[in-house]
Amino acid sequence: MNALSALAIRNLSVRSTREAEHHIIDDVSFTLAAGSSVGLVGRSGAGKSSIGNAVLGLLPRGLALDPASRITLGSDELTALDAESLRRIRGRRLAMVFQEPLTALDPSMCIGQQLTAALEAHEVARGHEADERADAMLATVGLRDTRRISRRFAHQLSGGQRQRVLLALALLLRPEVIIADEPTTALDATLQAQILDMMDALRSEMGTSLLLISHDLEVVGERCERVLVLEHGKLVDDGPAERIIASRLSRGSGSAAVARARAVRPSDESLSDPSVPLVSTRALSVHYRIAARLFERAAFTVHAVEQVDVRIARGECLGIVGESGSGKSTLARALLGLENPTSGSVTVLGRTLNVNDHVMMRALRRRLQLVPQDAGASLTPERSVRWLLAEALEVHAHARGAAALKRVESLLAEVGLEAALADRLPAELSSGQRQRVAIARALAAQPDLLVCDEPVSNLDAAARESLLSMLDALRHDRGLAMLLISHDLGVVRRLATHVAVMYLGRVVEQGLARDVLDDPRMPYTQLLRASVPTGRPRTPAVVSEERDVPRAAPAHGCSFYPRCAFPLKDEGCLSEHPVLRPVTLDPNGHTVACLKVPLPPSL
Amino acid sequence: MTGRKLGTPALVLGGLGLAALLAPLIAPHDPVAHLDPVLRALQAPSSAHWFGTDPYSRDVFSRLLFGARASLGIATLAVAVALTLGVVVGAAAALRGGFVDALLMRFTDAALGMPRLLLLLLVVASTGPLPAALLAAVIGGTGWMTTARLVRQETRRLLATEHVRAAAALGVPRIRLWRGHILPGLLPTLAVAATLLFASVLPVEAALSFLGLGVRAPDASWGNIILEAEGRVLRAWWLVLFPTIAIVAATLSANLLAERVGARYQRDDA
Amino acid sequence: AGDASRNSAGGTVVVATAADADAMLPPLVRTTQGRFASELLFDPLVEIGASLNTVGDTDFQPRLAERWTWSADSLAITFELNAKAKWHDGRPVTATDVEAGYLALMDSVNGAAARANLSGVESVTADGDRRVIIRYSARAPEQFYAASVIFPLPAHLLPSDGGPLTTSALARNPIGSGPFRFVAWEPLERLELAAVEDYYRGRAPLDRVIVTVSPEPATAQAKVWAEEADVIEIVPSGDIPEALSHPHVRLVTGNGFDYAYMGFNLRDSRNRERPHPLFANLALRRAIAQAVDREQVVRAIFDTLAYLANAPVVHRQFTYDSTIRAVPLDRARAAAVLDSLGWRVDARDGVRRRNGQRLTFTALIPGSSRNRERAAVLIQEQLRSVGVAMEIERTENRTFTQMRQDGKFDVVFGGWLTVPSPGTVRGTWGSSTREGWGNLNDGRWENPAFDSAVQAGVNAMDRNQARANFSRAYQVIADDVPALFLYELRPVAAVHKRFVIPAWRADGWWRSLHEWSIDPAQRLPRDARPAN
Amino acid sequence: MLRVLTTRLFQAAIVVWLVVTASFVLIRLAPGDPFFSSLEQAGVGSEDASAMRQRFGYERPISEQYLRYLGGLAQGDFGWSHSRARPVREVIAALLPNTLLLAGTGLSLGLVFGVLIGTWQGWHAESRWSRYSDRLMLGLASVPEFILALLLAMVFALELRVLPVSGMHSEGVGGLADLLQHLVLPAGTLCLGVTALLARHQRSATRHVRDAEFIRAARASGISEGRIVWRHALRNSIAPVLTVLGSLLGTVASGTLLIERIYDWPGMGRAMLEAVGQRDYPLVSGAVLVTSLVVVAATLISDLLVAWANPRLRRSL
Ligand SMILES: Nc1ncnc2c1ncn2[C@@H]1O[C@H](COP(=O)(O)OP(=O)(O)OP(=O)(O)O)[C@@H](O)[C@H]1O
Ligand SMILES: Nc1ncnc2c1ncn2[C@@H]1O[C@H](COP(=O)(O)OP(=O)(O)OP(=O)(O)O)[C@@H](O)[C@H]1O
Ligand SMILES: [Mg+2]
Ligand SMILES: [Mg+2]
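As given, the protein sequences belong to chains C, W, D and E, one line each in that order.
Letter 544 of the first sequence, counting from 1, is numbered 758 in the working numbering, and no numbers are missing.
Letter 245 of the second sequence, counting from 1, is numbered 325 in the working numbering, and no numbers are missing.
Letter 413 of the third sequence, counting from 1, is numbered 409 in the working numbering, and no numbers are missing.
Letter 178 of the fourth sequence, counting from 1, is numbered 179 in the working numbering, and no numbers are missing.
Pulled out of the complex, with its shape left as it was, chain C reads as follows:
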């Protein structure tokens, strides 16, 4: 073994305690040299997260480490350590970023405390100093206004914000080894690049080693020197990143390259009938009032969605893109009547939504379905997959009893899951598997509008591709309307007919997908597109955009002004508030909320 190895894993095996013969991880050995970064890839359900959990000695109930397994951190044999020594190592020398941010945060402790608790646990800092360090760390992962953020609870954050809190927790103590399990799935490309850069910097400065678990071959290719490939719990390949990524990217099935290639296919707009929108919003705003303590009057208000007008017609797919925390999920939920609008309205099939009208909401529920961002947490933990899917079928009277139970298997097949998983509880699935169960559940209702909030964030390229094609086919063949939220612009381009770009709760650019994504006018949209990973090693020279500068909207004028890199930007941007204006002659066409974008000549 490498003398310099920071982490050495030998004969790691993990079994399910229920079915002793079921090996989740089967005799895996590898090492992680100090300062190196190694990618761990494999299909969803291959066992990647289980390796991470096993290394930390934190396998969930129901999984057990084989006694022959050896895990060595530096010179310490982790499997032989007592609880207290292990504790000292965790977080301090060995950290992990959990795959599902929502469940990994304590729901009843504000996040600032969760960070300082980690500092205090390792006696690194306490009291005021700990607060300072926690705030600083939150700022480093791109969270603004950290004082306020740190007083919030997990459920008051957006998906990407939560993920960054987890990252902050892992990076806080500058550990020797970081196991990052899909650490950037909920982050936009710019942020993703920024975070990964930071880890690279840690690697070079501190000799930190990184085990990066990801589906995103481009990211792995960009950031890792070596790649491990896991299949059904077995290590099937181990080699330099260039070779493996290149071969995988170019391989026919399940390749993201295919997705990319196909994504260029112009979206089919023939089905859409813009005159009768299925859903539309008018000046929709959702504000959250936040009080940190029990008897506090709302300390401040978050304008999560601000004056948004969007519309989706049958057969259309509206893609929503925007930075983490820009209000995408909130908009989606408000659209479905799951969030009370502060002002404005949502109209579904000609009727204005009223959240408190239970009769109306019940009638609409079947027609509007959601795949939530935290799909894993949306499954009732005590219910088996089969039960959950059968219920969805029964509730909407598509099938009952035995028929429903049978339909379950075809539903599972549609989302690429084996029928054998049907009798598992959600906790016994991998994240990607759970995500697909959530999608299957939404599809079971045969909705008219499907809202997918990051539906494929935890899926490998093959699963992702087959899912996307299935959704596209549904849209095409059955006129399914969709709202698609994703950070992966490739995915959006692949599926969306229209795109809305959100920034700080507002839509700042809107239009046909090809117009907006292929020819973005707004500087913000251009920025989003810039740092999409390529799959090739990156030169760290590329300086990522400075997020530490205040991003809060200025009191007047364009809220993007401080970060705007547009050459035409000037003082005038601060005097007037930009509204969406068409930049083409087509009245339903491309609109942009920028004062400096040139208008079409006739206007």
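Among the clues, some could well be false.
These stretches of chain C come out as covered by chain W in the derived footprint (C-beta under 8 Å, 3 or more residues) [what the hints assert, rightly or not]: (1) 577 to 587; (2) 591 to 599; (3) 605 to 614; (4) 728 to 742.
Not everything, but these chain E residues come out facing chain D in the computed CB check (under 8 Å) [stated by the list, open to error]: (5) ALA52; (6) ARG54; (7) SER84; (8) SER128; (9) LEU151; (10) ALA154; (11) ALA158; (12) GLY168; (13) ILE263; (14) GLY278; (15) ARG280.
Which chain D residues face chain E? A few, computed with CB under 10 Å, are given here [unchecked claim]: (16) ASP103; (17) GLU182; (18) GLU212; (19) TRP221; (20) ALA222; (21) LEU240; (22) HIS242; (23) SER364; (24) ASN367; (25) THR391; (26) GLU392; (27) ASP402; (28) GLY403; (29) LEU520.
It should be emphasised that the hints constitute simulated quantities derived from the structure, not laboratory data.
Using N, Cα and C, we set each Cβ at its ideal position, and we do this for glycine too.
For this one, chain C is given, so just place chains W, D and E with the ligands on it according to the hints.
For chains W, D and E with the ligands alone, coordinates are given in the frame of chain C:
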């Protein structure tokens, strides 16, 4: 975990139930017969009377067997009433929210604030002695409030979780939502509440016979066997010890059985 | 006074009871506990002697009245007050106070029990400060006894506006004339009295009398066993072994004034105008009496600590007669009579039936009396053996009393606390059709022979003649079986050994309390004289 | 939150009114009245009681009595307690502190022990000691309270003679030490029952939280096991205990009845029992008023605490 057998607790509870059913066959003596109230009263356990005799010289062992019928029957029924009321009120309050919630919970507060004794006294005053089934209903009807508050609290907690919100968004109707997605999460709490109810009901039955509400003389119940000791817990220990053991054994095994059945249910839900 | 006598004096007696005094002022008192307190605080004019004689003035003891003289026609008695007698606030006891005491007793608002005794009194008038004259409307054997129920009250402290005594300042802070003065009263918790230094009959050796109330009888006893209290008035027979196991406890057996009975309702419980379907029939009542082994009931419950009662009279009443014969136990006869009445044993449940109707009835018992519950259950089992099904209905006390007064029962397990005067049977067993009689006769039994015998007994000026008449009445009631008389309690009290007790009075053990003293060698810490 | 609170206070007033009204009516439905004597004493007639009834207005129609009672309440007059021969307000002022002392001590000790034991049991749910102690708790919960009370009294006060049998003070002794000695048994009995009850709830809840992902995540950042248990797990599992505590506090205000009776503790429960027995209408209503106030306050506090523990429930109570 799942392979856990229903074993001992089922055996104990089954045994108690069986003993209750077969009491006439097993009991060595007529449970109400006075053998010799002057010479054989209040005898400590011996080979002739395994559990001793009471102040009327009745055989305690036989009374215990026959008393199981009344006590277990009343306890089970009372728990069923209290649980049903508690669950319905608690769940309705949490699910409907708003005005209904306020109404039901304040009613619960009122029921808590109204001393049980006063209510029971009214019952005595207006109806006189009650048949066992009604007695159970009265005990249950005055003991549901804590369960209601628990059910409401837990339902509200679960309503705020991702998975219940997701199920609601899916369009699962409210009652079904509660049964399918909230009840499983609530079940452990409910199981605890139910066994504690069961444990609390048996003594209540005993206390009630003070008011003339209990099982009527000369019929036996575990509670009134204890009362025959008239507080002499040390001197007439056999009158206290054996029924108490019976009560504890019944509660314990009911609880363990509930736990194990619950563990099974969690797996076999499909 | 010498320090030496002070040294041997002193000490505290703590009395544990299950119920508290209902009041402190004699006209307001109804309970035994109330009598305890009020009779320690207030002295009467004269007190009945240890013989409990109620006829004439034989054996009556002077109290506030030092001496008395009868008028020639015996229709007036002049009482001379003791010159040293003082109220606890230092004022002397005057004749006006006696008047006030009498008026308070007669005031219907106060509802004093003793009013019945005073029905023959025409007036009570002061004659100067020290002299009181009681005038009577007619001669009666218990004329003097009536004077003994009068407790003078401090006229100067009575509510001047004529407001009710119950809520007056005096009721809450009674100023009396007895051997102990009032210190504090937490109703239903604790009462404290202290010795009066200049008591006209000599200061009591004890310093303090404290009553603590424990509604739970077991607790009241436990206090005595743990030396937290010194006296408990009644120890149930079942607890005698426990009491004997504590070396510091001495048991005192006394005589009581309670008797208990199983009374039949002679009227239909739903319609009081109609006779009771079962118990209007004497043969049936007798059959039931023959089926009950009362001897066994009494022995089983009390061992030897109660007498078998045969009539509504107790040993300490001078009319007690041990020759009264109750219906004897004879189950074979009972069965034969029941058979002849048409009640045949049914093989299904062993209960007799006539025309398909079961021979069953309910027995009302009060929730608070363990003894009577015992008796009921024992009799229930005995009756079962002759095919009679008696259901027991146990109710809370007030409900019991209400149901009983309303005649809503078939059989009631009742009990009466009597007084030395035997005439009280007029109220409890006399015909309610007679003026002033039978107001407590809830079973509505009526028998002219009984009434006239009692009347003759009450009017007899001679004790022996009275006895003969009452015996006749008792035999009538025993033969007519309006009730099965069960037992007369012989209460056993437990007292701490350190007390030296001169006598234990059957009509109120506290009557000798001002003579109790403590053996100095056995003092407890609480016997130390209070700092103040 | 403040709005929610004011609404709750308003509702509380309605609850108290409701309970007082109900008790007012109910107690009058029971046979007998304050001047109806249940004495079995020859010579005591009942005709004299009517004068007293008249004086206290018990012969008027119940609606009129009710309005007069409410009118009195509005002026802070709770009426006259017949069984204790003093104003109801004085009775309550004297007894309520005693009950609160007993209930407060018993409940808070029970809370501490129950939560400690239950959390430990739930955290180590698989261990043998956890299972055994759980059974012990359940056993303890099913032993009738009065038996427990009598047994403790017999053993500690009569056999071992280490503690006083009853009451709040020994005759002739006073002071805090004496009071505490008297408090041990009743509070201990109460505490045992409460501990058993709360431990069972806490165990079940802890056991459930133990497997949550965030607990694993906390371990992953090296938080010590103790902190995980007492900071993370406890806060996420305490809600059932808090809820039960809310109703316990309420019932205990009138419900230490048996304990107060057996240990002769001069408190509200004992007084209420006697007041009901003696049909002391004003005292019953007054006591019920106080208990319902305590209940309302207790449930409100418990709801607030639940909201504190679970931020997702904060928008309403
Ligand atoms: N329940 C809530 N209470 C308070 N603030 C909230 C709540 N939910 C979301 N927010 C805030 O509203 C803003 C928008 O959140 P939202 O979840 O819509 O973002 P998003 O665009 O989906 O981001 P991401 O890509 O990170 O998922 C964020 O700043 C978030 O912190
Ligand atoms: N408790 C369990 N019992 C049985 N099987 C389990 C259990 N937990 C996980 N599994 C299975 O183990 C396999 C590996 O799961 P793991 O979460 O490690 O996958 P993964 O590679 O991280 O997948 P993803 O990319 O979807 O997150 C999956 O097939 C999952 O179904
Ligand atoms: Mg995973
Ligand atoms: Mg989101």
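Query - Interface hint outcome for SER128 of chain E [beta carbon to chain D under 8 Å] - result: Nearest chain D Cβ about 40 Å off; hint violated.
**Report entry** Interface hint outcome for ILE263 of chain E [beta carbon to chain D under 8 Å]
**Finding:** 5 Å, holds
Query raised in the report: Hey, does the THR391 of chain D contact hint survive, CB to chain E under 10 Å?
Result: Constraint on THR391 of chain D satisfied, holds at 9 Å.
Query raised in the report: Is the hint on ASN367 of chain D kept, meaning its closest Cβ partner in chain E is under 10 Å away?
Result: Violated, about 13 Å.
Query raised in the report: Does GLY168 of chain E pass the interface check with chain D, least Cβ-Cβ distance below 8 Å?
Result: 7 Å, holds
Query raised in the report: Do the numbers back the hint for GLU392 of chain D, that is, is its least Cβ distance to chain E under 10 Å?
Result: Cβ of GLU392 of chain D sits 7 Å from chain E, so the hint holds.
Query raised in the report: Within the assertion that chain W covers the stretch 605 to 614 of chain C, do at least three residues meet a Cβ-to-Cβ distance smaller than 8 Å?
Result: holds (count 4)
Requested in this report: Mind checking the CB of LEU520 of chain D against every CB in chain E and telling me if the closest is under 10 Å?
Outcome: Status holds, d = 9 Å.
Query raised in the report: For the hint on HIS242 of chain D, does the least C-beta distance to chain E fall short of 10 Å?
Result: 9 Å, holds
Query raised in the report: Taking the least C-beta to C-beta distance, is LEU151 of chain E closer than 8 Å to chain D?
Result: 7 Å, holds
**Report entry** Coverage criterion applied to the stretch 591 to 599 of chain C (partner chain W; beta-carbon cut 8 Å; 3 residues)
**Finding:** Check passed, 8 qualifying residues.
Query raised in the report: Once the shortest beta carbon distance from ARG280 of chain E to chain D is found, is it less than 8 Å?
Result: 6 Å, holds
Against the hints set out earlier in the document, violations occur for numbers 4, 6, 8, 21, 24, 28.
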